[in-house]
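*Asks:* Listed below, chain by chain, are the residues.
Number of protein chains: 8
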Amino acid sequence: MHNDEIIDLGNVQLDAGRKERCGFPEVIYGEGKDAETIAKILRSFAEEKTDALATRIDADKAEYLQNVFKTSEHTVFHNPLARTLRLIPQGCKQRQPQGKVAVVSAGTSDAPVAEEACETARWMGAETILIQDAGVAGPQRLLAKLPVLQDADAVIVVAGMEGALPSVVGGYVSCPVIAVPTSVGYGANFGGLAALLGMLNSCAANVAVVNIDAGFKAGYVAGLIAQKTKNE
Amino acid sequence: MHNDEIIDLGNVQLDAGRKERCGFPEVIYGEGKDAETIAKILRSFAEEKTDALATRIDADKAEYLQNVFKTSEHTVFHNPLARTLRLIPQGCKQRQPQGKVAVVSAGTSDAPVAEEACETARWMGAETILIQDAGVAGPQRLLAKLPVLQDADAVIVVAGMEGALPSVVGGYVSCPVIAVPTSVGYGANFGGLAALLGMLNSCAANVAVVNIDAGFKAGYVAGLIAQKTKNE
Amino acid sequence: MHNDEIIDLGNVQLDAGRKERCGFPEVIYGEGKDAETIAKILRSFAEEKTDALATRIDADKAEYLQNVFKTSEHTVFHNPLARTLRLIPQGCKQRQPQGKVAVVSAGTSDAPVAEEACETARWMGAETILIQDAGVAGPQRLLAKLPVLQDADAVIVVAGMEGALPSVVGGYVSCPVIAVPTSVGYGANFGGLAALLGMLNSCAANVAVVNIDAGFKAGYVAGLIAQKTKNE
Amino acid sequence: MHNDEIIDLGNVQLDAGRKERCGFPEVIYGEGKDAETIAKILRSFAEEKTDALATRIDADKAEYLQNVFKTSEHTVFHNPLARTLRLIPQGCKQRQPQGKVAVVSAGTSDAPVAEEACETARWMGAETILIQDAGVAGPQRLLAKLPVLQDADAVIVVAGMEGALPSVVGGYVSCPVIAVPTSVGYGANFGGLAALLGMLNSCAANVAVVNIDAGFKAGYVAGLIAQKTKNE
Amino acid sequence: MHNDEIIDLGNVQLDAGRKERCGFPEVIYGEGKDAETIAKILRSFAEEKTDALATRIDADKAEYLQNVFKTSEHTVFHNPLARTLRLIPQGCKQRQPQGKVAVVSAGTSDAPVAEEACETARWMGAETILIQDAGVAGPQRLLAKLPVLQDADAVIVVAGMEGALPSVVGGYVSCPVIAVPTSVGYGANFGGLAALLGMLNSCAANVAVVNIDAGFKAGYVAGLIAQKTKNE
Amino acid sequence: MHNDEIIDLGNVQLDAGRKERCGFPEVIYGEGKDAETIAKILRSFAEEKTDALATRIDADKAEYLQNVFKTSEHTVFHNPLARTLRLIPQGCKQRQPQGKVAVVSAGTSDAPVAEEACETARWMGAETILIQDAGVAGPQRLLAKLPVLQDADAVIVVAGMEGALPSVVGGYVSCPVIAVPTSVGYGANFGGLAALLGMLNSCAANVAVVNIDAGFKAGYVAGLIAQKTKNE
Amino acid sequence: MHNDEIIDLGNVQLDAGRKERCGFPEVIYGEGKDAETIAKILRSFAEEKTDALATRIDADKAEYLQNVFKTSEHTVFHNPLARTLRLIPQGCKQRQPQGKVAVVSAGTSDAPVAEEACETARWMGAETILIQDAGVAGPQRLLAKLPVLQDADAVIVVAGMEGALPSVVGGYVSCPVIAVPTSVGYGANFGGLAALLGMLNSCAANVAVVNIDAGFKAGYVAGLIAQKTKNE
Amino acid sequence: MHNDEIIDLGNVQLDAGRKERCGFPEVIYGEGKDAETIAKILRSFAEEKTDALATRIDADKAEYLQNVFKTSEHTVFHNPLARTLRLIPQGCKQRQPQGKVAVVSAGTSDAPVAEEACETARWMGAETILIQDAGVAGPQRLLAKLPVLQDADAVIVVAGMEGALPSVVGGYVSCPVIAVPTSVGYGANFGGLAALLGMLNSCAANVAVVNIDAGFKAGYVAGLIAQKTKNE
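Residue numbers (the numbering used here), protein chains in the order written: chain W, 23 to 254; chain V, 23 to 254; chain X, 23 to 254; chain Z, 23 to 254; chain A, 23 to 254; chain E, 23 to 254; chain P, 23 to 254; chain Y, 23 to 254.
FYI, nobody ran anything at the bench for these hints, they're computed from the structure. Among these hints, one or two may not hold up.
Covered stretches of chain V, as calculated for chain Z (at least 3 residues, CB under 8 Å) [unchecked claim]:
hint : stretch
1    : 30 to 43
2    : 50 to 57
3    : 65 to 75
C-beta atoms are modelled at their ideal positions from N, C-alpha and C, and glycine is treated no differently.
Chain W on its own, in the form it takes in the complex:
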């Protein structure tokens, strides 16, 4: 498959060269696409024996897709909390496990975003560890988990409200921290803006930021970093 090939599915132009150019095939963003379109894309991936990941798959679409692919020669994994769906065709070559990604969430409401990050990094072949409900208001909860964090190749920190957790984590680890602001909170949170600004202004030098609620992106960037460690 040439690195600038396009698979024309009518209203969708699949970037078939992505895997060669970027290391991983296109991930399907489910929002704003109907279930039929998603199925069409997944089928196209399956024909290439590619392990496909789809994000923002709500319950209805997930049910539809599980029905479409259940009788066929694929394995379908749906994580309802993460709203992700993976389609692993029979005979698809599995990626070698490589690198460790730790995902830390500040509160229980941040779980869906944290799970999306986990699923993405896992699909890319990283070993993932999820540490939940470790917000700064109860500081000992984080301190108890430092050894796990310090062992990771990349740490993802998912937090809403004031978004202070990445700064605190950043002060304890020597790997990059990918911060994900969430829209969790109320009042002057302004849909995640408060957490986003907090993370962008982090005084910790090792913190980079992705979009509000962008668990997928954090998982993807962390997965790429974890890749770097494969030959260790």
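Given the coordinates of chain W, assemble chains V, X, Z, A, E, P and Y onto it according to the supplied hints.
*Replies:* Below, chains V, X, Z, A, E, P and Y alone, put in the same frame as chain W:
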């Protein structure tokens, strides 16, 4: 002096009843007032044997005021970092020391605001302790000072950038935390907005917030809280 | 119970040391947690004979929780307007009443937030007084209540729209004023932003601010201040 | 002079019909115009025997204009605080005094805007009264002036910071209140935005708002209202 | 009735002195009040033989109130487009008609706000004229109505989108223009912010602004101006 | 028909002179108008033998309008994705095809806006080409279509998220690029604001921008540009 | 010269293929480039016998560049108001005049932006007409110029403050209107944001918008449109 | 040196354990610190034989520091464009070169930020390549450099204006892209906000973002990623 009396100084209407109604006399906000006007107000306070505090006094105004009052029967204290000036008339009744206020600043650039908070609380009769440069990126700096913080009646936390420090302090103390966002930072800090939103969205329940760079207000509210402990 | 102990409830890490560190046990924020999780946390508190407070409990969750705990040896108080729920286990040691908190609301629509503030301060042991519908457009309504306000250890002012009430109240009292902007209003109110900015820029020195609609936080900070008066 | 006549001064097109259509001739906005251009416009007005008002005239332009017109048959009034300049040509028909406009300012820093409002209303023929430094933090200062306010045909309220004063004034008077937010303040004031939003969200029904620092506009609208009373 | 009397209805404190202080009794803002509370307030007004106006009354509340008051000795007027309801008790003294208010709306979607303005001005005794769908894109529609506008004592201009209409109207009339931005529009309209900013920055000197969608306030201010003309 | 004629339909004032002044008759904006009003306007156009276009016609209104006009001597075209409806009366003079407009969309979710742009340009007589799903993340998709783009008289680029596509397209073509930000995206997209700002700040000199989701406006401006080529 | 050729000037990579791809060579944006760098780029253009345009050239850079090129075989045009500089090498082939662009400015302060637009369109070969000071507050000023506007192939409207002028112009012409918001104004103008939002929300269908103060871009897009008319 | 040791320099608390915890010693942020304080910190590092990096060092501070350290046994490197200063004490152990970081800037004005990123990554031991002036408007400039980018372990993209470049780069590489928005631009750029939002909303999955103008942070995160490759 009746509690709704006004002293008319032409373009300024002094609220002479403030001390009776609110416990402390009016504090003079120096910005936007010329040195002559400030001197006129200070003289009016001195005549009442009142220990006066003026804030936002820049170097020029401070020099002018020190000259005006140096030959007279007053003591003038000018804190150039805090930009405050106190005028203590001879025979003025000093307040009894009461309560402890701890002021924590995140970085060296936050010093002017932290100093303004200290001067205000001190003028109100509180014992003040200043802990500088204790931001979250070097967490052990804060932990080393916890005993001091846990002994205070009110803690003021002054921080710019992401404004995460009040949340962290809030998780360790049992008194109110008054958070002051500063305009220190750059880029998406937006003049202190990032720190302000962070502090308003703090997950710590004991954190209240004042305006950006409002060291005076934080000192005042903390000073009032410290007052409560006078009979202990 | 050690001050950095954690109770691991799976997706929730209870900060069991909070009471020792911060004076009061964790308050359960009900939004974004399902009823089962809240029940699990409440049960854990009950086993410790701790008087628990949960906020942002909607009608459905409240009904569920009242059913779960009605046959057991607890008292359940649900305030539907405040959306709070208290679980008082038999044999739980009640806090001694201490200090007075006055809560003033500007309009009838601010009632839920004002009630949440009251419930919180009350849970902390403060005597609370609620003054409703005292907005600045009808100034005599506030003036009639001044003696009550001037007797309080802390005053909470809850207001939407332009958020002018805390400044006015601040000019009449000698204790800290905790201002709560509400999202009540329309148009250029921008979900409470107008009131929030108004309160942050208050010309009254004794006004500190909490997040939009954060009745709980205002109650908590006021409750801490009221604590200071216990030995008077 | 026909109501859609234009006087072409090169880079300026004077709206010569404004007086007929709108009751008053064009007022010259001095900012962004050089002194020569302003002189050219003033001369054109003088030739029509029109009493001209120019706003936003800084010290340098004022000096230039006073020099230009001093030897001629005009009277030049320059108010340096208001930054206004009036040119009254000899033989110009003076407007009959009509109506009363009260201007209230919250603090001493609001004086320039309040003065601009006064000068404008005065130019339009209204009797003006200026009440300075009557902000809400010292409530008795306003109450002392109520009789004056209640006697006015229109009240202009000029305030920075939280902009609460118009709401309070609005609750005491039966005429329209024109609120002018000023950029006075700091921190989360955001150049007058806080005061602007506060005034727009005023709970008082009789408050309309003009742009930040727009003393001229407030004076103009109030002057038009005062006109209505001329036959009383 | 004394000018600072309060009628205590439990959760509502009626400002009974408003009529004496401000010329008109309190107008009931229906949003955020339940129908029972509104009925209680209306009844209190009816007992005083006061012609009451309630705004933001949705269809359900209107039906409830019409039922409550239909068998009694009152007249109930409900304008469903304006969402206003008037209760005129038998024997209530009607206001003398005085002054003319013209209301201009830019588009058909602005009708509810324009109607609310009309109803308010009418309740205050003004003669009102409504000119609909006169936006700037079809300029001749406005020009055709100039005589009506030029005859009014106050003009209310209601517009969404870019909010350009008040500036254009302002250039043709000699009375105050009260501009009401509406939340009509899409995209970068940001809920009426675009129209609001446009109107605040109007180059026409005679334009004052009220809150987004605040038809009531515009009607009230215009009604007060119309009052001034009563003795002509 | 004179160029400032108005057709008065009660609450709608049809700008009958628009075609003469602006080249095309008024397009009916369906949002905020009920189906009956739209039918009334369409009928008025049909009587003038004018090919009418209505936008923002949802499914219900479309069904109503198709029923109203199905038995009559008109052709009705409804594009449900674009939410447009065209009514072509029998005997209406069709416009001559003139000029080419290429519409490029970044992702499948941008389709409704892109379709609205197409329908508008087509109604104006332009030949339109739609290139879908050509976002910058898969750059070869765009490169493959360059010949089509370089042949157009105007290119419309529809994109959400970061809105980078117009800048990239602008670097390859010699005609004007009309950029349409869409509200597609999440998090810090803020309803299309991110894409809007991106497009306004485009480093490509040939990019002009219309409102968020304003497919109609982009189609209209592009259609006008295409008109210019008619005599080639 | 091939269409993807690059001329490497060290810190600048000249896009030598721009003329072939986009119809016109790169325009030099002077801000943030030092005079030496600009001279280096101009010289490179001169060697290709290309008529070069540079924008945002302040007085100092202009003087430097005029000195550099005065003794050589070029013509240098500097427009200090527009801050543009053109370098026409001897023997450079002049573009054929084609199409008409009308530039309308609302006020005298908008002149620099309007001039930049004119210079750009003129460089591209369009005939340009500048109509100054035609803002909506004096409506007859615009009406007097309608014949000129209606004769243009593209109209550029430059306005600050509320930005209403493009909507009004748009209602009178049949060609595209390119609207340029300027940062002229004060208070809630927010550096041109008010005008920008107003123009984006214009109710006129033929209005597209460029960045605040982007006279160059407006001139460029209008120049491209004017190109379309060359064979008429 | 223990990992939570603090070196107390009076107003600065040096985090001496940072190197052990985070892999690299603290970097000195020069803004808001006076030259004496910076010298004091540098001396402290030198005593530990640590290669120190200071950022945001303006010309005056750089001159002062070069003077302070020139006679001593150190090497001082000052990059005036990057505003960085390195102090390498004699006998300091140099880091082994490891990994490659490519830095791409969109325009010449982005150079200072790009240089700061380079200096930081270089200090951390990465090989750095700087590709300047490769913005999207001249697409072939980027395409010519793809082999260099595809060989890097991390790519930093520095861009102002619309911030589109990271998305385009992201589509061609398989490593993480660290995007740095700059405050370069004008008008609706809003100090870098446009570029920041564009980058956060990037459709490329491998893009993470740091604060506006935060070249240091981007260099630091990229340097950490490059570290991962050391054993390859």
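*Asks:* Does each hint fit the structure? Answer for all of them.
*Replies:* Hints, one by one, checked against the model:
Under the rule that three or more residues need a Cβ within less than 8 Å of chain Z, the assignment of the stretch 30 to 43 of chain V holds, with 6 such residues. Here's how the stretch 50 to 57 of chain V fares: 3 of its residues keep a CB closer than 8 Å to some CB of chain Z, so the rule of at least three is met and the hint holds. For a cut-off of 8 Å, the count of residues in the stretch 65 to 75 of chain V with a CB near a CB of chain Z stands at 0, and the three-residue condition is violated.
When each numbered hint is compared with the structure, a violation occurs for hint 3 only.
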